[in-house]
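Working from the sequences, and respecting the hints, build out all of it.
If you're matching them up, the sequences are chains A and B in order.
The letter at position 115 of the first sequence is residue 115 when you use our numbering, and the numbering goes up by one with no holes.
The letter at position 105 of the second sequence is residue 105 when you use our numbering, and the numbering goes up by one with no holes.
Simulated from the structure, these hints should not be mistaken for laboratory data.
A few of these clues could be false.
[Claimed, not checked] Here are the computed distance ranges between Cβ atoms for each label pair:
#1 B:A80 <-> A:Q37: 45 to 53 Å
#2 B:N84 <-> A:V146: 26 to 34 Å
#3 A:Q37 <-> B:N33: 47 to 55 Å
#4 B:L6 <-> A:K124: 24 to 32 Å
#5 A:H24 <-> B:R118: 32 to 40 Å
#6 B:E134 <-> A:P9: 27 to 35 Å
#7 B:P34 <-> A:A136: 38 to 46 Å
[Said to hold, decoys possible] Pulled a few chain B residues facing chain A out of the computed Cβ check, cut under 8 Å:
#8 M1
#9 A3
#10 G17
#11 G59
#12 A62
#13 V99
#14 E150
#15 F152
Glycine residues also receive a C-beta, built at the ideal position from the N, C-alpha and C atoms.
2 protein chains.
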Amino acid sequence: MKAIQLHYPPEWAHCYGCGYLNAHGLHLKTYWNPERQLAETRFTPSPHHTAIPGFVYGGLLASLVDCHSTASAAAAKAAAEGVNLEENPLRFVTASLKVDYLRPTPLGPELYLVGRAREVKGKKVVVETELYAEGALTVRGEAVLVQITEGFGQPRSAPGAG
Amino acid sequence: MKAIQLHYPPEWAHCYGCGYLNAHGLHLKTYWNPERQLAETRFTPSPHHTAIPGFVYGGLLASLVDCHSTASAAAAKAAAEGVNLEENPLRFVTASLKVDYLRPTPLGPELYLVGRAREVKGKKVVVETELYAEGALTVRGEAVLVQITEGFGQPRSAPGAG
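Set out below in structure tokens:
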């Protein structure tokens with residue numbers, strides 16, 4: 001199965017968190033699980049992604065929730081409306097992001113994020129995320145995503161971006 | 001004036017966002033403004049910190065709000081209780097983080113964050129942040145921070161972290 005982010009057209013694939021064209025980025029990959037109707041992402045932080053030694057940096061965790069949520073929104077909308085992402089890629093951006101750090105996330109193990117769309121309404125999707133380390137829930141996220149359409153960002157393209 | 005983060009003791013100075021001992025990190029620096037009773041941070045993203053080309057990655061903006069808020073909490077508590085950070089460094093971690101992306105943040109210019117403590121109560125501080133690019137407010141943040149005490153994180157120290 002192809003990661004949701006790999007459907008993004010090149011002009012929207014420069015994101016530091018999940019763009020396949022960002023040479024310095026995290027290259028997050030999210031997969032839709034059609035049986036369970038949810039999106040899944042796995043990511044192993046690097047040793048330098050630390051907060052207090054031994055634990056994952058909260059800003060990285062927020063970044064994972066962020067990109068995981070935009071991809072979850074695309075997949076959930078595609079599933080809800082029968083859109084084939086291969087033919088009609090959907091791209092969402094984040095309007096708001098809430099992250100609750102329930103307990104420190106250990107640095108080292110692979111992290112597992114699962115995202116469920118709580119609301120799919122026109123260009124707006126609300127995604128709830130749970131992040132697990134070694135089977136323990138450590139972070140809860142909620143994001144409001146808004147679908148962008150062709151031409152978004154074109155007037156402000158910055159030299160060197162991506 | 002010395003940045004708030006430079007008061008952190010070495011064992012708490014490995015944070016990817018603001019630790020002076022993290023060789024790969026962002027090295028965010030926050031300064032307390034005693035006249036205005038608020039905290040200020042300035043940061044210029046790199047070209048690869050992109051979302052849609054031309055705009056700053058939302059996960060980086062969340063990271064800036066995060067570390068700026070922990071430092072703001074330390075400074076606000078120190079100011080409220082007359083603590084000298086040079087002698088008694090205070091270190092907070094994030095319990096929850098809310099980021100509203102009011103409009104896309106242009107990639108290129110220096111960003112300016114200002115943080116105000118809305119509540120300082122025991123080990124808990126609530127910080128509201130505004131983030132500006134070229135004078136325009138683009139992001140609003142709210143974070144709940146909790147003060148940690150000696151020994152936090154010691155049992156789980158991961159090899160290579162920081």
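Hint check results:
Taken as a hint, the range 45 to 53 Å holds for the pair A80 of chain B and Q37 of chain A, whose Cβ atoms sit roughly 48 Å apart. Distance hint check: the CB atoms of N84 of chain B and V146 of chain A are about 46 Å apart, inconsistent with the given range 26 to 34 Å. Range check, Q37 of chain A to N33 of chain B: Cβ separation about 49 Å, and the 47 to 55 Å hint holds. Take L6 of chain B and K124 of chain A: their Cβ atoms lie about 42 Å apart, and the range 24 to 32 Å is violated.
Checked against the hint of 32 to 40 Å, the C-beta distance between H24 of chain A and R118 of chain B comes to roughly 35 Å, which is consistent with it. Under the hint 27 to 35 Å, the C-beta atoms of E134 of chain B and P9 of chain A, about 28 Å apart, fit the expected range. Taking the beta carbon of each, P34 of chain B and A136 of chain A are about 42 Å apart, inside 38 to 46 Å as hinted. Interface hint status for M1 of chain B: violated, as the beta-carbon distance to the closest one in chain A is roughly 24 Å, over 8 Å.
A hinted interface residue such as A3 of chain B counts as satisfied when its beta carbon comes closer than 8 Å to some beta carbon of chain A; here the least separation is about 17 Å, so the hint is violated. Interface restraint check: G17 of chain B against chain A, minimum CB-CB distance 5 Å, threshold 8 Å, status holds. A distance limit of 8 Å between C-beta atoms decides the matter here; for G59 of chain B the minimum to chain A is near 3 Å, and the interface restraint holds. Because the beta carbon of A62 of chain B sits about 4 Å from the nearest beta carbon in chain A, less than 8 Å, this interface hint is met.
The beta carbon of V99 of chain B comes within 5 Å of a beta carbon in chain A, closer than 8 Å, and the hint placing it at the interface holds. Interface hint at E150 of chain B: violated, since its Cβ lies 12 Å from the closest Cβ of chain A, which is beyond the 8 Å cut-off. Interface hint at F152 of chain B: satisfied, since its Cβ lies 6 Å from the closest Cβ of chain A, which is below the 8 Å cut-off.
Checked against the numbered hints listed earlier, the structure breaks hints 2, 4, 8, 9 and 14; every other hint is satisfied.
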